[in-house]
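Residue numbers (our numbering), protein chains in the order written: chain C, 141 to 540; chain B, 141 to 540.
Not one of these hints is a red herring.
Given that identical chains are not distinguished, each listed pair holds provided it fits within a single copy or across any two copies.
Below, a list of computed lysine-lysine pairs in the DSS-like style, where the Cα atoms sit at most 27 Å apart:
| # | residue 1 | residue 2 |
| --- | --- | --- |
| 1 | Lys191 | Lys155 |
| 2 | Lys191 | Lys163 |
| 3 | Lys268 | Lys191 |
| 4 | Lys194 | Lys184 |
| 5 | Lys329 | Lys380 |
| 6 | Lys194 | Lys268 |
| 7 | Lys202 | Lys155 |
| 8 | Lys202 | Lys163 |
| 9 | Lys440 | Lys424 |
| 10 | Lys268 | Lys202 |
| 11 | Lys184 | Lys155 |
| 12 | Lys194 | Lys163 |
| 13 | Lys373 | Lys171 |
| 14 | Lys416 | Lys441 |
Keep in mind that the hints were calculated from the coordinates and are not lab data.
Protein chains: 2
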Amino acid sequence: MLIVKKFGGTSVGNKERILNVAKRCIEDYEKGNDVVVVLSAMGKMTDDLIKMAKDINPNPSKREMDMLLTTGEQTSVALMAMAMNALGVPAVSLNAFQVAMHTTHAYSNARIKRIDTDRVNNELEQRKIVIITGFQGVDRNENYTTLGRGGSDTTAVALAAALNADSCEIYTDVDGVYTADPRKVENAKKLKEITYDEMLEMATLGAGVLHNRSVELAKKHGVQLVVRSSLTKEEGTVVKERVARGKSEISGVAGDDDAARIAILGLEDTPGVAFKVFNVLAKKNVNIDIILQSVGEPGKKDISFTVKQEDAELAVNTLRDYMSEDDYRDIDVTTNVAKVSIVGRGLKDHAGMAARMFEALYEAGVNIRMISTSEIRVTVIVEEKDMVKAMNAAHDAFEL
Amino acid sequence: MLIVKKFGGTSVGNKERILNVAKRCIEDYEKGNDVVVVLSAMGKMTDDLIKMAKDINPNPSKREMDMLLTTGEQTSVALMAMAMNALGVPAVSLNAFQVAMHTTHAYSNARIKRIDTDRVNNELEQRKIVIITGFQGVDRNENYTTLGRGGSDTTAVALAAALNADSCEIYTDVDGVYTADPRKVENAKKLKEITYDEMLEMATLGAGVLHNRSVELAKKHGVQLVVRSSLTKEEGTVVKERVARGKSEISGVAGDDDAARIAILGLEDTPGVAFKVFNVLAKKNVNIDIILQSVGEPGKKDISFTVKQEDAELAVNTLRDYMSEDDYRDIDVTTNVAKVSIVGRGLKDHAGMAARMFEALYEAGVNIRMISTSEIRVTVIVEEKDMVKAMNAAHDAFEL
Numbered sequence: 141m142l143i144v145k146k147f148g149g150t151s152v153g154n155k156e157r158i159l160n161v162a163k164r165c166i167e168d169y170e171k172g173n174d175v176v177v178v179l180s181a182m183g184k185m186t187d188d189l190i191k192m193a194k195d196i197n198p199n200p201s202k203r204e205m206d207m208l209l210t211t212g213e214q215t216s217v218a219l220m221a222m223a224m225n226a227l228g229v230p231a232v233s234l235n236a237f238q239v240a241m242h243t244t245h246a247y248s249n250a251r252i253k254r255i256d257t258d259r260v261n262n263e264l265e266q267r268k269i270v271i272i273t274g275f276q277g278v279d280r281n282e283n284y285t286t287l288g289r290g291g292s293d294t295t296a297v298a299l300a301a302a303l304n305a306d307s308c309e310i311y312t313d314v315d316g317v318y319t320a321d322p323r324k325v326e327n328a329k330k331l332k333e334i335t336y337d338e339m340l341e342m343a344t345l346g347a348g349v350l351h352n353r354s355v356e357l358a359k360k361h362g363v364q365l366v367v368r369s370s371l372t373k374e375e376g377t378v379v380k381e382r383v384a385r386g387k388s389e390i391s392g393v394a395g396d397d398d399a400a401r402i403a404i405l406g407l408e409d410t411p412g413v414a415f416k417v418f419n420v421l422a423k424k425n426v427n428i429d430i431i432l433q434s435v436g437e438p439g440k441k442d443i444s445f446t447v448k449q450e451d452a453e454l455a456v457n458t459l460r461d462y463m464s465e466d467d468y469r470d471i472d473v474t475t476n477v478a479k480v481s482i483v484g485r486g487l488k489d490h491a492g493m494a495a496r497m498f499e500a501l502y503e504a505g506v507n508i509r510m511i512s513t514s515e516i517r518v519t520v521i522v523e524e525k526d527m528v529k530a531m532n533a534a535h536d537a538f539e540l
Numbered sequence: 141m142l143i144v145k146k147f148g149g150t151s152v153g154n155k156e157r158i159l160n161v162a163k164r165c166i167e168d169y170e171k172g173n174d175v176v177v178v179l180s181a182m183g184k185m186t187d188d189l190i191k192m193a194k195d196i197n198p199n200p201s202k203r204e205m206d207m208l209l210t211t212g213e214q215t216s217v218a219l220m221a222m223a224m225n226a227l228g229v230p231a232v233s234l235n236a237f238q239v240a241m242h243t244t245h246a247y248s249n250a251r252i253k254r255i256d257t258d259r260v261n262n263e264l265e266q267r268k269i270v271i272i273t274g275f276q277g278v279d280r281n282e283n284y285t286t287l288g289r290g291g292s293d294t295t296a297v298a299l300a301a302a303l304n305a306d307s308c309e310i311y312t313d314v315d316g317v318y319t320a321d322p323r324k325v326e327n328a329k330k331l332k333e334i335t336y337d338e339m340l341e342m343a344t345l346g347a348g349v350l351h352n353r354s355v356e357l358a359k360k361h362g363v364q365l366v367v368r369s370s371l372t373k374e375e376g377t378v379v380k381e382r383v384a385r386g387k388s389e390i391s392g393v394a395g396d397d398d399a400a401r402i403a404i405l406g407l408e409d410t411p412g413v414a415f416k417v418f419n420v421l422a423k424k425n426v427n428i429d430i431i432l433q434s435v436g437e438p439g440k441k442d443i444s445f446t447v448k449q450e451d452a453e454l455a456v457n458t459l460r461d462y463m464s465e466d467d468y469r470d471i472d473v474t475t476n477v478a479k480v481s482i483v484g485r486g487l488k489d490h491a492g493m494a495a496r497m498f499e500a501l502y503e504a505g506v507n508i509r510m511i512s513t514s515e516i517r518v519t520v521i522v523e524e525k526d527m528v529k530a531m532n533a534a535h536d537a538f539e540l
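Work out the full structure: start from the sequences and follow the hints.
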């Protein structure tokens with residue numbers, strides 16, 4: 141078996157943890173498996189490097205930032221190879237150049253285009269554990285690139301696909317994917333399995349232990365993922381195309397209390413209004429989450445959307461600067477709201493799921509401010525103080 | 141003009157120093173010159189990385205050590221590019237891969253074989269300052285290598301040769317090469333010029349501000365070096381093939397108090413004895429400095445040599461383990477000795493130089509324990525406590 145194992149920055153944060161990860165990898169190696177390990181930068185190293193850079197240049201070029209940040213994973217992989225050697229096992233570390241890991245040249249947000257497998261296979265044939273830098277790549281001109289948030293997960297999945305691995309294990313500080321955040325919902329249970337699509341919705345909702353892009357890539361290449369803890373031997377959660385599920389038709393409940401709702405009331409009901417509004421916000425790099433448009437007074441419409449709380453002020457100021465006072469009646473901002481979502485294939489198959497959620501919230505006395513749905517997700521906006529209550533009510537309603 | 145400028149770890153040890161170096165480079169750039177900058181790792185970063193590694197594996201593989209250490213210079217060059225950008229000048233950082241800097245595959249002690257100049261020239265043509273990692277290279281199989289002590293100087297010289305640079309400036313924390321260490325010899329003066337050969341002897345004697353290999357390489361390719369301070373605007377010392385010199389026929393006096401003298405007395409006077417002695421020491425990685433062999437009792441010989449003080453115990457134990465008691469009469473160790481040397485072309489041209497030194501030491505009341513000479517150097521071993529006195533006496537004798 142060829143196993144790709146990915147460990148995040150916390151899992152390699154110090155000497156003891158590095159040795160712990162080394163031992164886990166060696167267990168698989170000694171059973172006769174080929175083992176490829178993907179690592180992030182140690183603990184807070186990436187943050188420290190960013191701080192160092194911004195101290196010298198508040199607005200550093202992305203090209204040079206990627207050049208700087210890639211030292212982080214290189215440090216991790218070299219130390220891990222030393223740790224495995226110390227435990228008596230042959231190992232070799234490879235960075236993005238050495239693999240090579242070809243990406244687009246979008247510094248700080250590159251996409252993997254192609255992975256050369258010759259070097260990796262060659263080292264595996266020599267019965268070495270191969271330790272590869274996550275998060276980083278090289279563009280056509282041999283500049284370093286990085287893959288953005290969650291990039292190491294993406295590296296692991298892409299490697300698993302390129303190497304035709306039998307398994308891709310993503311190790312995190314939680315022991316799997318839960319039906320809800322256990323810190324908020326007492327009855328939350330670990331899922332044995334979840335589909336790619338459900339995982340994607342969970343990730344988007346801020347509840348994900350995996351980054352979106354890595355799940356998309358896994359779905360595209362049919363790479364079966366296992367999410368598990370680097371600290372325990374628990375089985376973890378398998379992410380795959382289809383799952384067998386019992387009576388609960390939904391896979392989980394997600395909550396995100398970092399949301400602000402902005403409503404532009406009394407906009408002229410003419411074509412292109414929505415485009416103009418969101419275009420100007422996009423130019424200011426305001427990240428829009430849920431968008432709703434509803435009919436207002438005759439000839440008018442209201443547009444509501446949510447943003448992260450830190451972006452609310454910028455969004456409102458941008459809108460007021462951009463639009464003349466005749467364009468709208470009022471802009472309404474509520475910063476203390478939260479999103480609560482249910483996610484599951486069941487939503488696609490059975491009517492009434494959304495209604496069951498709304499009923500549960502009604503019975504819990506939670507007022508719904510906005511509703512948005514996708515094929516496998518129902519999201520409601522509630523007051524921030526009601527979030528946990530709403531999550532528990534929804535969780536219980538679906539007997540998760 | 142194409143100028144290669146090399147700055148050591150102290151010169152880029154923190155934000156202020158990085159910005160200071162950036163400004164100096166920009167001065168040359170703004171005069172219309174092409175500027176290539178070679179950097180070492182920041183301050184104590186290399187030492188910190190070595191410590192981190194040895195904590196995980198007391199005997200780390202050299203391949204992985206080089207993989208780890210190369211992150212040091214990469215950090216420096218990325219931050220320097222950001223600093224230059226912050227000062228409004230286009231700059232790009234390149235590591236050994238990106239250049240590319242081809243070396244042998246002797247990890248931790250590689251030699252530069254060939255430098256590709258396309259990428260560097262291309263960036264220069266775009267009027268960017270090009271900042272390159274010193275100390276590191278890549279072998280034929282794309283593994284990282286490092287060049288050993290003083291490696292960044294070698295990188296700078298090799299780049300200057302490959303790029304056909306008009307000037308190669310080595311910036312250090314002293315403002316040039318002195319006739320003696322100014323902390324020890326009050327009348328020490330900065331040299332305007334020194335030959336490669338003299339510089340090589342000075343380097344070997346521990347008084348060098350430049351590493352041997354870089355001077356050898358400069359001599360081989362006729363690269364004229366300038367040694368100067370990164371903190372002042374002083375002119376520095378030029379290192380080249382021939383120099384015009386006044387009445388002083390020697391260029392300097394060097395002292396090294398980290399020496400121990402070991403004498404093996406009464407060895408059998410048969411062929412191969414010296415070989416066996418030094419072979420067994422080499423295997424234990426004991427670095428031998430000066431070797432003297434003299435005739436002892438009839439049929440016997442004495443061999444004396446110097447080592448660094450920290451190696452003295454290992455050397456003696458190795459010899460005692462290796463040789464049977466019949467092989468020699470005694471082993472004599474003196475750990476508190478020092479080397480004092482005079483270096484200069486004059487020694488080759490004029491007789492009596494050595495004698496003048498011995499006379500000066502005699503008059504200063506310094507007892508000479510050993511003497512060793514090369515074409516342009518005379519070295520004496522004296523008691524450690526006499527070193528500074530001996531250096532001053534020699535310095536005065538030659539009216540430096």
